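From just these sequences and the hints, can you work out the full model?
Protein chains in written order, with the working numbering: chain W, 1 to 302; chain F, 1 to 233; chain C, 1 to 323.
FYI, nobody ran anything at the bench for these hints, they're computed from the structure.
Remember, predicted model here, so these are calculated numbers, not experimental data.
Be careful, since some hints might not be right.
Computed list of lysine-lysine pairs in PhoX-like fashion (alpha-carbon distance at most 20 Å, straight line) [said to hold, decoys possible]: (1) 202/F with 63/F; (2) 175/W with 129/F; (3) 311/C with 97/W; (4) 57/F with 211/F; (5) 59/F with 211/F; (6) 294/W with 248/W; (7) 177/W with 129/F; (8) 258/C with 311/C; (9) 63/F with 181/F.
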Amino acid sequence: MAELVVYGIVLGSIIALGSVGLTLIWGITDLFNCAHGDQITVGAYIALPFVSLFSWIGFLQAKVGPFSFNWGLALAFIPAILLSIGLAVLIDRWVYKPLRQSGAHFITSFIASIGVAWGLRGLIYIIWGADFRFYTKGLRPMLFLPLEIKLRLDEIFIVVVAWAAVATVYLFLSKAKMGKALRALADNRGLARVAGINTERMIVWAWGIAAALIAIAGILYGIETQLRPEMGWIFLLPLFAAIILGGKGSITGALAGGLVLGIAQQVSTAWLLPTYKPAVAFIIMILVLLFRPKGIFGRRQM
Amino acid sequence: MSILRVEDVVSGYGSMEVLHGVSLGVEEGQIVSLLGPNGSGKTTLLRTVFGILSPWKGKIYFKGEDISGIAAERIARIGMGYVPQEENIFPSLTVQENLEMGAFIREDDWQPRLEEVYELFPDLTDRRKSRAGELSGGMRQMLAIGRALMLNPELLLLDEPSTGLAPRLVDAIFERIVKLKEQGVTVFLVEQNAQALQIPDKAYILEGGEKKAEGGAQELLEDAEIGRLYLGR
Amino acid sequence: MGMEIGGILNFLVSFAIMASIYAIFSMGLNVHWGYTGLLNFGIAGFFAVGAYTSALVTSPMPTGVLTNYVKQAFGLNLPFLVGVVAAAMVSGLIAALIGLLTLRLSEGYLAISTIGIAESIRIFFNNESWLANGPQGLIGLPQPLHDLFPPGYYNYVYLVIVLAFLAVIYVALERGIRSPWGRVLRAVREDEVMASADGKNVFLFRLQALILGAMIMGIGGALYAHFSAAIQPSVFEPLFGTFIIWAMLTLGGTGNNKGAILGSFIVWALWSWSTFVILKIVPRGFETRAPFIRYVLIGLLLVIILLRRPKGIIGEERQVSRF
Chain W
1 MAELVVYGIV LGSIIALGSV GLTLIWGITD LFNCAHGDQI TVGAYIALPF VSLFSWIGFL
61 QAKVGPFSFN WGLALAFIPA ILLSIGLAVL IDRWVYKPLR QSGAHFITSF IASIGVAWGL
121 RGLIYIIWGA DFRFYTKGLR PMLFLPLEIK LRLDEIFIVV VAWAAVATVY LFLSKAKMGK
181 ALRALADNRG LARVAGINTE RMIVWAWGIA AALIAIAGIL YGIETQLRPE MGWIFLLPLF
241 AAIILGGKGS ITGALAGGLV LGIAQQVSTA WLLPTYKPAV AFIIMILVLL FRPKGIFGRR
301 QM
Chain F
1 MSILRVEDVV SGYGSMEVLH GVSLGVEEGQ IVSLLGPNGS GKTTLLRTVF GILSPWKGKI
61 YFKGEDISGI AAERIARIGM GYVPQEENIF PSLTVQENLE MGAFIREDDW QPRLEEVYEL
121 FPDLTDRRKS RAGELSGGMR QMLAIGRALM LNPELLLLDE PSTGLAPRLV DAIFERIVKL
181 KEQGVTVFLV EQNAQALQIP DKAYILEGGE KKAEGGAQEL LEDAEIGRLY LGR
Chain C
1 MGMEIGGILN FLVSFAIMAS IYAIFSMGLN VHWGYTGLLN FGIAGFFAVG AYTSALVTSP
61 MPTGVLTNYV KQAFGLNLPF LVGVVAAAMV SGLIAALIGL LTLRLSEGYL AISTIGIAES
121 IRIFFNNESW LANGPQGLIG LPQPLHDLFP PGYYNYVYLV IVLAFLAVIY VALERGIRSP
181 WGRVLRAVRE DEVMASADGK NVFLFRLQAL ILGAMIMGIG GALYAHFSAA IQPSVFEPLF
241 GTFIIWAMLT LGGTGNNKGA ILGSFIVWAL WSWSTFVILK IVPRGFETRA PFIRYVLIGL
301 LLVIILLRRP KGIIGEERQV SRF
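Shown next, in the form of structure tokens:
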């Protein structure tokens with residue numbers, strides 16, 4: 001059981017990366033972004049060519065410390081994050097922004113995001129095919145901890161990177177001028193406009209943050225398991241469950257929600273087949289919606 | 001000179017016309033009140049002036065310039081401030097952060113202004129770090145006004161700042177409004193509350209989307225018919 | 001030459017059968033979204049329930065060697081029509097349960113919940129092998145009137161059967177929507193507050209609409225099962241089971257049954273015919289990936305409709321704005 005909880009924290013950290021961006025976008029634009037999961041997939045795959053590219057450079061072939069991957073992958077985070085941001089901003093400009101400006105109902109954007117999800121997944125299949133891909137081949141060093149916990153060293157890396165990224169975003173949102181404005185926007189969009197804040201520019205910032213976290217989540221999940229075109233889609237239900245648990249627009253809520261979902265999904269495998277994980281996420285979501293529709297963690301503090 | 005001039009403005013929501021051609025003016029350095037019952041179109045007029053709604057017909061001039069149909073985000077930058085009646089704070093931000101957001105678009109040093117606002121509303125000073133959502137009704141109104149003052153507006157539009165407040169607090173708010181006038185801010189005050197006729201230099205009465213009366217505050221207060229028809233006396 | 005024409009005809013007939021089955025789903029969705037404003041993103045769930053119900057009701061229990069390979073909870077060996085009716089009933093029953101749980105949620109939450117329900121149903125059929133043979137699914141499902149016609153011509157017969165269902169459902173819905181009941185549905189969709197002030201029980205009407213639409217989807221599922229004669233959980237993935245139907249209804253015209261049918265034929269034509277075109281133009285060695293170009297096409301199509309023509313090709317009869 002202790003082991004499952006630890007695995008749950010690993011998975012939960014990845015979910016939290018996705019849910020922070022998802023709740024930010026939801027709070028600021030009302031969009032339930034159904035393409036969030038598939039954007040995670042794109043983030044993971046975009047790193048692939050850079051991993052191969054960097055492997056031409058001798059000193060980047062060296063493994064990073066005790067981990068299973070080399071410096072090439074560590075470096076690939078940077079272009080993957082940049083491309084992920086570029087893609088998100090373009091999608092917003094071409095799809096969601098015109099819908100916002102025509103005053104379309106948020107459901108229209110929701111349906112459009114399904115079209116986006118579909119298109120992105122199709123592109124992944126076309127470019128990389130349906131086969132599983134791996135960043136690195138070879139042994140993954142294990143760590144034996146008390147309470148019979150077996151942990152891959154990579155998983156420590158995953159948790160550390162995920163929480164470092166989340167902490168950076170948290171600091172940005174609580175200290176930086178732009179970050180505070182993003183929270184203000186999630187709080188009260190009408191008043192933000194009255195204060196002269198340029199909403200459209202802030203939405204670009206929000207997508208930038210969300211997409212950076214998306215790319216990190218994708219690569220970390222790729223390190224944890226393997227790359228496959230459906231890898232992001234299975235995150236969609238846990239992601240939605242996490243942000244509903246956390247309350248609309250609440251960053252801390254989304255983080256807590258992500259962790260809870262990760263742990264609940266992994267611990268459930270003690271009794272249920274692992275393939276039931278999405279159903280577990282769904283049941284948590286329904287229970288929250290029925291009994292605490294404003295979320296559990298979301299006292300609307302950040 | 002009129003700092004704000006509204007000429008024959010028609011406006012509304014969707015296909016519903018609320019204002020049927022309203023004209024009025026606000027003189028610089030004065031407090032001007034707009035009174036009228038619920039649903040008379042007072043808020044619609046403010047929202048149209050501030051560019052949240054576009055006028056269907058008519059013109060709006062601010063400092064002599066035509067601002068009809070210009071977006072709120074831009075109007076906030078040219079010296080007009082607006083305090084909506086409800087949802088006029090950022091509840092999950094602290095008091096201090098709310099005021100900082102008021103100054104978001106300022107590129108100069110706004111620290112002195114922050115201190116001035118705290119001076120005007122000393123109660124807020126002790127609550128700098130509190131979340132705005134936890135404030136009482138009166139404090140919220142003061143914070144909302146303070147937020148708008150951060151941009152040093154020449155004209156401040158206030159939408160029923162006395163709503164839901166105890167009479168003692170209403171007096172306190174009106175006292176600050178008079179103080180603002182002394183500091184040189186022109187105030188356009190929308191109210192249902194006839195108590196608001198104590199402070200303005202001039203007042204208009206709006207009903208059913210049309211201007212029904214205008215004049216000096218004292219004049220209107222003494223007019224029995226106006227009192228009976230529009231002020232519920 | 002004769003062979004080729006025969007081949008084309010065969011293709012056209014199976015195309016028409018699938019497009020008509022999808023048209024039935026689209027009309028079911030139209031009851032939910034078009035008439036009542038219910039955001040059902042879990043069509044695949046009712047699709048699966050309908051297909052599996054009819055399969056289990058009409059097929060016999062496996063015997064002999066087959067018992068080693070096929071597990072199913074029961075096999076009633078009843079006639080096709082019984083299977084279809086059972087599919088509609090079970091689908092409607094599940095919809096009633098789901099409705100009692102979720103219909104009070106606001107629209108966005110309802111949408112996400114229905115995605116979750118459909119995924120859970122699919123995963124359930126995939127995991128619980130005792131029920132309907134797990135991932136392998138059920139094969140060799142009985143086909144109505146199969147033995148009366150030469151095998152090469154059977155699809156013509158099945159097309160007639162599907163078209164008959166399509167016509168009956170279409171006529172019934174068109175009448176229904178013009179009845180007082182249909183008018184209340186629209187009132188519920190346009191303004192819940194006003195409808196409830198009128199003394200109409202909004203929740204009850206939404207529930208009835210959810211059940212009715214789900215029953216139609218269950219029938220669609222049954223018709224699919226007996227056409228393909230084989231079903232497995234992977235058929236009911238959200239892409240083919242739900243989102244393509246949204247693209248169909250949105251393209252044709254939400255709130256309009258003719259639009260639902262038109263959209264289904266257009267999107268299904270795009271989907272099935274683009275395979276040929278794509279396979280002709282892509283380079284060698286790329287064939288396995290080429291079909292996925294259709295994902296991109298459908299995704300783009302959906303986005304472009306929403307941006308350029310949100311009312312669809314036909315649009316709703318009696319102009320009432322939806323978007």
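Check: Holds or violated: residue 63/F with residue 181/F, Cα cutoff 20 Å?
Finding: 17 Å, holds
Check: Taking only the CA atoms, is the gap from residue 311/C to residue 97/W under or equal to 20 Å?
Finding: 19 Å, holds
Note to self: Hint check: residue 258/C vs residue 311/C, CA-CA at most 20 Å. Holds or violated?
What the structure shows: 13 Å, holds
Check: Within a Cα-Cα threshold of 20 Å, do residue 175/W and residue 129/F meet the stated pairing?
Finding: Holds - the C-alpha atoms of residue 129/F and residue 175/W are around 13 Å apart, at most 20 Å.
Note to self: Check whether the Cα positions of residue 202/F and residue 63/F lie no farther apart than 20 Å.
What the structure shows: 19 Å, holds
Item checked: Pairwise hint evaluation, residue 211/F against residue 57/F, where the allowed Cα distance is 20 Å at most -> Between residue 57/F and residue 211/F the Cα gap is close to 16 Å, so the pair holds against 20 Å.
Margin query: Does residue 211/F sit within 20 Å of residue 59/F, going by the straight-line distance between their CA atoms?
Written below: OK: residue 59/F and residue 211/F at ~16 Å, within 20 Å.
Margin query: Checking one constraint from the list: CA of residue 177/W to CA of residue 129/F, max 20 Å. Satisfied?
Written below: Holds. Residue 177/W to residue 129/F sits at ~16 Å (cutoff 20 Å).
Note to self: residue 294/W and residue 248/W were given as a pair; does the straight-line alpha-carbon distance stay at or below 20 Å?
What the structure shows: 7 Å, holds
When each numbered hint is compared with the structure, no violation occurs for any of them.
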